[in-house]
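Trainee: Chains as they are written, first to last, in the UniProt record's numbering: chain F, 1 to 385; chain W, 1 to 385.
Incorrect hints may appear among the rest.
[Claimed, not checked] Derived pair list, reagent style DMTMM-like, types lysine to aspartate or glutamate, alpha-carbon separation capped at 25 Å: (1) W:Lys17 <-> F:Glu112; (2) F:Lys17 <-> F:Glu89; (3) W:Lys359 <-> F:Asp342; (4) F:Lys17 <-> W:Asp342.
Note that these hints are calculated values from the structure, not bench results.
2 protein chains.
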Amino acid sequence: MTAAGGFRAAGVTAGFKPSGKPDFALVVNDGPQSAAAAVFTSNRVAAAPVHWSRQVVADGAARAVILNSGGANACTGPQGFQTSHTTAELVGEALEVGAGDVVVCSTGLIGEQLPLQTIRDGVPLVVAALAEGEAAGLAAATAIMTTDTVPKQATHRSAEGWGVGGMAKGAGMLAPGLATMLVVITTDAELPATVLQRCLAEACASTFDRTDSDGCMSTNDTVVLMGSGASGVAPEEAEFVRALTAVCHSLAQQLIRDAEGASHDIAVTTVNAVSAEEAEEVSRSVARSNLFKTAIFGNDPNWGRVLSAVGTTSSVFDPDELDVSINGVTVCRDGMIGDSRDGVDLAAAREVEVVIDLKVGVHEATIWTNDLTHDYVEENSAYST
Amino acid sequence: MTAAGGFRAAGVTAGFKPSGKPDFALVVNDGPQSAAAAVFTSNRVAAAPVHWSRQVVADGAARAVILNSGGANACTGPQGFQTSHTTAELVGEALEVGAGDVVVCSTGLIGEQLPLQTIRDGVPLVVAALAEGEAAGLAAATAIMTTDTVPKQATHRSAEGWGVGGMAKGAGMLAPGLATMLVVITTDAELPATVLQRCLAEACASTFDRTDSDGCMSTNDTVVLMGSGASGVAPEEAEFVRALTAVCHSLAQQLIRDAEGASHDIAVTTVNAVSAEEAEEVSRSVARSNLFKTAIFGNDPNWGRVLSAVGTTSSVFDPDELDVSINGVTVCRDGMIGDSRDGVDLAAAREVEVVIDLKVGVHEATIWTNDLTHDYVEENSAYST
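Take these sequences, add in the hints, and give me the full structure.
Mentor: Written as C-alpha cells, this is what we have:
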C-alpha cells in the first residue's frame with residue numbers, strides 16, 4: 001500500500017496468535033485528503049468490526065485501518081462491538097485522529113472475545129513501527145495472514161504520477177476455512193469519496209465478487225479503499241477504474257492461487273449468454289459443484305458434471321446445443337461427447353480453463369475457483385481442534 | 001416391492017457393468033389396475049430415460065419399470081433417446097404390453113451410449129427371471145446399485161390388507177458421485193393415478209426433497225409409484241400418504257446412511273421460523289456448507305460455521321437471538337458462545353443433530369445430509385478414471 005504517496009504502514013506481533021507470528025497491522029493515510037470507500041460482507045451474521053467499520057466509512061472519510069489476525073471477533077455480542085470500538089479509540093488517540101475515522105478489521109476463529117490487554121499493548125507497538133516504503137507495506141501484508149502461505153500485494157502506477165497499491169489476505173470473497181478476505185487499497189489520486197465508492201463497487205464486481213473458492217461467505221469480509229490525494233493528480237474516472245480493477249484482479253488471483261489445499265486454479269467462463277448475469281449464474285453453478293471440483297482434483301476433465309451443474313440454473317440455453325471445452329479441447333459438443341479427453345492433461349496443469357458455450361447471446365462472465373482436495377478437507381476439519 | 005400384491009420383480013446381470021455384477025432390474029405390475037405416478041429430476045440437462053419416462057406416465061398408467069445400472073444414458077442426444085425407446089419396446093413385446101407403458105431408468109456414467117446388444121440380450125433374461133416374493137424384490141434392489149454398498153428396501157402393511165413397498169439406490173435426491181437416485185414404489189391399494197400423483201408429491205416433499213447429500217443434482221433422478229389395486233381396498237387418502245411417507249422416509253434415511261464416503265449422518269433442523277419454507281432454507285444453507293461439513297468430519301461442533309451459513313439466507317431472524325444446539329448441547333446462545341463444547345463427543349457419534357432456533361415463529365424443517373470427508377473426495381475424484 002505504501003506504493004501510493006501519503007501512506008504509512010506497519011505490521012508487528014501483538015500476541016493474538018499463539019504462534020508468535022505477526023498479527024497486528026496498521027495503514028495510515030497522511031493526506032492531504034482522507035477519502036474512504038468500502039464494501040463489506042453481505043452475510044447477515046456480520047462480525048463486530050464490520051458493524052463498527054460500516055459506521056466509520058459512512059461519511060466517506062477514514063484516516064487509518066487497523067487489522068488483527070488471530071481472532072475474528074464475530075458472534076461476540078455487545079462486548080465484541082465494544083472491543084472494536086476501544087481498538088479504534090486507542091489507535092485514534094495514538095495517531096491524534098478521531099476514533100470515528102479508524103476502520104477495524106479482524107480475522108481468525110469465530111465466537112471468541114479478543115483479549116483487550118493484547119490490543120492495549122499492541123497499539124503503541126504498531127504505531128511506533130509505522131513507516132513509508134516497501135518493507136513497511138510487506139510487514140502489514142504479512143501480519144494479516146492466517147492460513148495464507150504468502151503475503152499478497154499489488155500495485156499500479158500511472159504515467160501521470162498517481163498510483164494504486166493494495167494488500168489482501170484470505171482465499172476468496174466466499175472463503176474457505178476461516179480465511180476471511182481482508183483487502184486494503186490505497187491511492188494518491190485526487191478523487192472524492194463518492195467517486196472512490198463507485199469505482200470500488202465496479203472493480204469488486206468483476207474481481208473479488210467473481211472469486212468463489214468454496215461457496216462459503218465469511219462474517220468478516222472487508223475491502224477498504226483510502227485516497228490521500230498526495231499526487232495532486234485527478235485522473236479520469238474510467239482510467240482510475242481500470243487501474244483499480246487491475247490491482248483488485250491481481251489480488252483476487254493471488255487469493256485463488258493460495259486457496260487452502262487447492263491443487264488446481266480453475267477459471268470457469270460462460271460465453272454467448274443472453275446477459276452477463278446469466279453467464280455469471282452458469283459459471284458460478286459449475287464453480288460451486290463439489291462433484292466438478294473433486295473431478296478436477298482427480299485430473300478428470302469430467303464434462304458430464306459440468307452439464308449437470310449448468311442444468312440446475314434458470315439461464316436461457318438449449319441442453320442439446322451446449323459446448324464445453326477444458327484447456328482448449330472441446331470435450332462436449334452439442335450436449336454430447338466431443339473430442340477425445342486424452343488431449344487434456346490436467347495432471348500436468350495447475351491452471352484449468354473451462355469454457356461453456358451457451359450459443360444464445362453475446363455476453364460472458366468468468367468465475368475463478370479451485371479444486372476440492374484432500375488438503376481442503378484436512379485443513380478445514382482440523383482448523384479449530 | 002413385491003410386498004404389495006400384484007407385482008413381480010427381477011434383477012440379473014446383463015453386462016452393462018464390467019464387474020459382472022447384477023445391472024438390469026424389472027418391476028412389473030400385473031394389475032388389475034395399472035395406475036402410475038412419478039417425479040423426476042428438475043435438472044434441465046435431463047437424461048434420455050427421463051425424457052422417455054415423462055411421456056410414459058403422462059397418462060397416469062404404466063405396466064412396468066425397467067432399470068439399468070452401468071450407464072446413465074445422459075447427454076447422449078437423439079441416439080440415447082432412441083435407446084430408451086427401444087428398451088421400452090423390447091420389454092413391452094416380451095410382456096405383451098405397449099412400449100408406452102414401460103418406464104425406463106438408467107444410472108451410471110454420463111455421456112456414453114448404452115450398448116444396444118446388451119439390452120437386446122438382457123431383456124429376455126430379466127423377463128425370464130420375474131417372480132413374486134422377497135428374493136425377487138431383493139434381486140431387483142441389488143441390480144440397480146452403483147456405488148451403493150447395500151440394497152435399500154422398505155415396506156408398510158396396513159391392517160386393512162393393503163401395503164406399500166419400495167426400493168431405492170443412490171445417495172440423495174441431490175446426489176454425490178454419479179449416484180443418481182432411482183426409487184420404485186409399489187402399492188396394491190386401490191387408488192386412481194391422480195390420487196397417487198398427489199400423494200407421491202406430498203411424500204417426496206418431506207423426505208427425498210429434504211435429503212441433500214452434496215448439493216449436486218443428478219440428470220437421472222426418478223421416483224416411480226405404481227398401483228395394482230390387487231388388495232381391493234381403497235384407503236383414505238390421508239392414511240395412504242402416511243404409509244407412503246413412511247416408506248419414502250425409510251428409503252431416504254437408508255440413502256443418507258450409505259452416502260459415498262460419509263462418516264456422520266447429519267440432521268439439520270431449524271425451529272421457530274416464520275414459515276416452513278424459511279425453516280427449510282436455513283437448514284439447507286447449513287447442510288450445503290462445505291466448511292460446516294468438514295468441521296463435522298473433524299468431530300468439531302463448530303457453531304460459528306453454522307451461523308456463517310445461516311447469515312447467507314434471507315429468512316427472518318435476529319443474528320443476536322440465534323441459538324444452536326449440537327447433539328443436545330446449546331453451543332451457541334443468543335448469537336454468542338454458549339455451553340461448553342466439551343459436552344459434545346462427535347467422535348463417538350455417527351448421528352449428528354443440529355438444531356437452529358430462530359425464535360421468530362412456530363414452523364420447522366429438517367434437512368438430512370452427511371459430512372464432507374476424505375473418502376468423499378477420493379470416491380468422486382477417482383470415479384471415472
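Trainee: Run the distance test for F:Lys17 versus F:Glu89: straight-line Cα separation, threshold 25 Å.
Mentor: holds (22 Å)
Trainee: Under the criterion that the straight-line Cα-Cα distance not exceed 25 Å, is the pair F:Lys17, W:Asp342 satisfied?
Mentor: With a Cα-Cα distance of about 23 Å, the restraint between F:Lys17 and W:Asp342 holds, given a limit of 25 Å.
Trainee: Need the status of pair W:Lys17, F:Glu112: alpha-carbon distance at most 25 Å?
Mentor: Violated, because 53 Å separates the two Cα atoms, which is more than 25 Å.
Trainee: Run the distance test for W:Lys359 versus F:Asp342: straight-line Cα separation, threshold 25 Å.
Mentor: violated (55 Å)
Hint violations for this structure: numbers 1 and 3, all remaining hints satisfied.
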